[in-house]
Amino acid sequence: MNVAVCVKQIPDPAMNLTLDPSTHTLVREGKLILDDSDAYGVEMGLQLVEAAGGGDVVLVSMAPNSETSGLRTALAMGAASAVLVSDPALAGSDALGTAKVLAEAVKRVQPDLVLAATESTDGYTGTMPAQLAELLGWPSVTFAKHVEVAEGNVKVQRQTEDGYDEVTCPLPAVVTVTAGVVEPRYPSFKGIMAARSKKVDELSVADLGLEASQVGQAGARQEVLSVEAAEERTAGEVVLDEGDAHERVVAYLEQIKVL
Amino acid sequence: MDRILVVAEQRGGEPLGIVLELLTAARGFGATVEAVTWGEGSREAVETLGRYGASRVYAAGDLGASLPGPRVAAAIAALIEEGGPPDAILVGTTYDGRDIAGRLSARLDRPVLTNIVGLEASDGALVSEHAIFGGSQVLMARFTGEAPGIFVVRAKSFAAEPADGGSPEVVDVELPETGTSDGARIESRKLEDQSGPKLDDSAVVVSGGRGLGSAENYALIEELAKLLKGAAGASRAIVDAGWVPYSHQVGQTGKTVKPTVYIACGISGATQHMVGMKGAKNIIAINKDQDAPIFSIADLGVVGDVTKVLPKLIESIKARQ
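Protein chains in written order, with our numbering: chain U, 430 to 688; chain E, 20 to 340.
In case anyone wonders, no lab produced these hints; they're calculated from the structure.
Quantities reported herein were computed from a predicted structural model and do not represent experimental measurements.
Possibly wrong hints are sitting among the right ones.
[Stated by the list, open to error] Reference listing, derived: stretches of chain E covered by chain U, where coverage requires no fewer than 3 residues with Cβ under 8 angstroms from a Cβ of chain U:
id : region
1  : 83-89
2  : 121-131
3  : 188-201
4  : 309-317
[To be verified] Here are the computed lysine to aspartate or glutamate pairs in the EDC-like style, where the Cα-Cα straight-line distance is at most 20 angstroms:
id : chain 1 : residue 1 : chain 2 : residue 2
5  : E       : K217      : U       : E590
6  : E       : K300      : U       : E683
7  : E       : K331      : U       : E683
8  : E       : K307      : U       : D670
9  : E       : K300      : U       : E666
10 : E       : K209      : U       : E595
11 : E       : K277      : U       : E660
12 : U       : K574      : E       : E206
13 : E       : K307      : U       : D673
14 : E       : K327      : U       : D673
15 : U       : K574      : E       : D259
16 : E       : K300      : E       : D219
17 : E       : K331      : U       : D673
18 : E       : K327      : U       : E676
19 : U       : K686      : E       : E334
20 : U       : K584      : E       : D201
21 : E       : K209      : U       : E577
22 : E       : K331      : U       : E671
23 : E       : K245      : U       : E683
24 : E       : K175      : U       : E660
25 : E       : K300      : U       : E660
For every residue, glycine included, the Cβ atom is placed at its ideal position computed from N, Cα and C.
Make a model of the complete structure from these sequences and hints.
See below:
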């Protein structure tokens, strides 16, 4: 069984993220890392392929400047190869533009299953996987907290407001996994070494047969009007617990009439 | 603006809270408000949808075991093909809402704006408000292409208020067959224990995070929540760690809460968490790290070990009751 995993390479969320003052898009210069949320999909893919007794995990990604450092992390975990779409025309792409690009990349890989995170850490739109599934004409199951594959179907426990649904879905399909669905492995030294020579196919927008107007800022058909500092809440009283801080909490709850 | 379509998710004839919030907001823009609803109980939901401002309700039938995404999106696309595009489509940020919005976007080739926390009308179009970088900045955006733009709005962005609207016109609509995209089937539904008030609308929310030290200590959170007649919440960290089910998660990827008081216990205040709770009227934070970001937004901060402070707090509240 072959699994394609959508992975996003993002600016390190631990660093200060900034918006470009003219385009209002996230500054994506400099080194990018594998989105933590995608490590779960990569791990899930590896486990499903192992359970099926054969096949490959192939990464599909879209990133500026031929960036591969995040891909190398996922390749070091055990993914076999990657398809990377990188093109200046993609700058400013929205979720739908991204889905159009990834749909074309997925068609080249022809996997049995596409895995993605429920949302990225930097953009957190959360609609790309459903857009991708619709463009492919495939079924999708979002918010999976447990995934297994048997007899041409994927069986998923899908998170709901008050529990979960057991969902069965024929392959090929798109499934999004929540954080915590599996414990992502750490790349081994051997894995890191092997990742250096794994194949990364780089494609442009034209290679995919898409028009530049369908993607990037032009395809997004939306604009940012303003970005301003939010009205901040300010810090109130801070007390150091010396064994009696609970009394202050009780007094506060009384003051706001909760007690 | 002439016409706004609200995607109206309902359960057992009761529209979700977010749907009533969206209807209230939509009628505030002076537009004709329409709603599309589906599934078992959709006919029972009609009256409530009307009371909150929908003058016409498109009611689609039961989906059987299908997930709503593909077929509800197809039904909305068919409505637009027949009756022309509304000026905007409003969808709530729910599991099914995001599926429907995504599929509809691809089907209509129209973009989506998500994680919206406010809407205003300007020059005959909607401008959306987004809280970014953990809510430290406010971004305003709008669509520049052909209507309809699809707006996916977070719960609690507006207050829901009924209007004096009469009964809406009801139009029965078909749920089109969509072939392979509609392959997923719900085999069974599992309900997790949901005793006590719901996180979404409880006046008191007590949440726990990593600072609790262990899954067992979450019992302190549940006990305090129960004493205060509130709901128990959690940070993403302990949900990911498997200490508590996802249904307790507060934050960007979880629930948005706006209680009278939010008590954050052993939660450092990652931006992803703060987005979901900074709308609380009062915030109390207990954390042993005095530099934890949560203290920057807390009205009362206690620097201390939650596993020591909580038992004493529980005892003194018990002693009062």
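Okay, the hints, checked on the actual structure:
Check on the region 83-89 of chain E: 3 of its residues sit with their Cβ under 8 angstroms from a Cβ of chain U, so the three-residue criterion for coverage holds. Using a Cβ-Cβ cut-off of 8 angstroms, 9 residues of the region 121-131 of chain E lie near chain U, which meets the minimum of three, so the contact claim holds. Counting residues of the region 188-201 of chain E whose C-beta lies closer than 8 angstroms to any C-beta of chain U gives 4; at least three are required, and the coverage claim holds. Counting residues of the region 309-317 of chain E whose CB lies closer than 8 angstroms to any CB of chain U gives 5, which reaches the minimum of 3, so the coverage claim holds.
A hinted pair counts as satisfied when its Cα atoms are at most 20 angstroms apart, and K217 of chain E with E590 of chain U qualifies at roughly 11 angstroms. Distance hint between K300 of chain E and E683 of chain U is fulfilled; the C-alpha atoms sit about 15 angstroms from each other, no more than 20 angstroms. A C-alpha spacing of about 16 angstroms is found between K331 of chain E and E683 of chain U, which places the hinted pair at or below 20 angstroms, so the restraint holds. A hinted pair counts as satisfied when its Cα atoms are at most 20 angstroms apart, and K307 of chain E with D670 of chain U qualifies at roughly 9 angstroms.
A distance of roughly 15 angstroms separates the Cα atoms of K300 of chain E and E666 of chain U; the hinted pair therefore holds under the 20 angstroms criterion. Using a Cα cut-off of 20 angstroms, the hinted pair K209 of chain E and E595 of chain U holds, with the two alpha carbons roughly 8 angstroms apart. Only pairs whose Cα atoms come within 20 angstroms are accepted, and K277 of chain E paired with E660 of chain U is accepted, the gap being roughly 16 angstroms. Distance hint between K574 of chain U and E206 of chain E is fulfilled; the C-alpha atoms sit about 16 angstroms from each other, no more than 20 angstroms.
Only pairs whose Cα atoms come within 20 angstroms are accepted, and K307 of chain E paired with D673 of chain U is accepted, the gap being roughly 15 angstroms. Note on K327 of chain E and D673 of chain U: the hinted pairing holds, with a Cα-Cα distance of about 10 angstroms set against a maximum of 20 angstroms. With a CA separation close to 10 angstroms, the supplied pair K574 of chain U and D259 of chain E stays within the 20 angstroms bound. Note on K300 of chain E and D219 of chain E: the hinted pairing holds, with a Cα-Cα distance of about 14 angstroms set against a maximum of 20 angstroms.
With a CA separation close to 8 angstroms, the supplied pair K331 of chain E and D673 of chain U stays within the 20 angstroms bound. Straight-line distance between C-alpha atoms of K327 of chain E and E676 of chain U comes to about 13 angstroms, which keeps the hinted pair within the 20 angstroms bound. The suggested pairing of K686 of chain U with E334 of chain E holds, with an alpha-carbon distance near 19 angstroms, which does not exceed 20 angstroms. A hinted pair counts as satisfied when its Cα atoms are at most 20 angstroms apart, and K584 of chain U with D201 of chain E qualifies at roughly 15 angstroms.
Of the supplied pair hints, the one linking K209 of chain E and E577 of chain U holds, its CA atoms being roughly 18 angstroms apart against a limit of 20 angstroms. At most 20 angstroms may separate the alpha-carbon atoms for a hinted pair to count; K331 of chain E and E671 of chain U meet this at roughly 12 angstroms. A C-alpha spacing of about 17 angstroms is found between K245 of chain E and E683 of chain U, which places the hinted pair at or below 20 angstroms, so the restraint holds. Annotation: proposed proximity of K175 of chain E to E660 of chain U holds, straight-line Cα distance about 18 angstroms (limit 20 angstroms).
Of the supplied pair hints, the one linking K300 of chain E and E660 of chain U holds, its CA atoms being roughly 14 angstroms apart against a limit of 20 angstroms.
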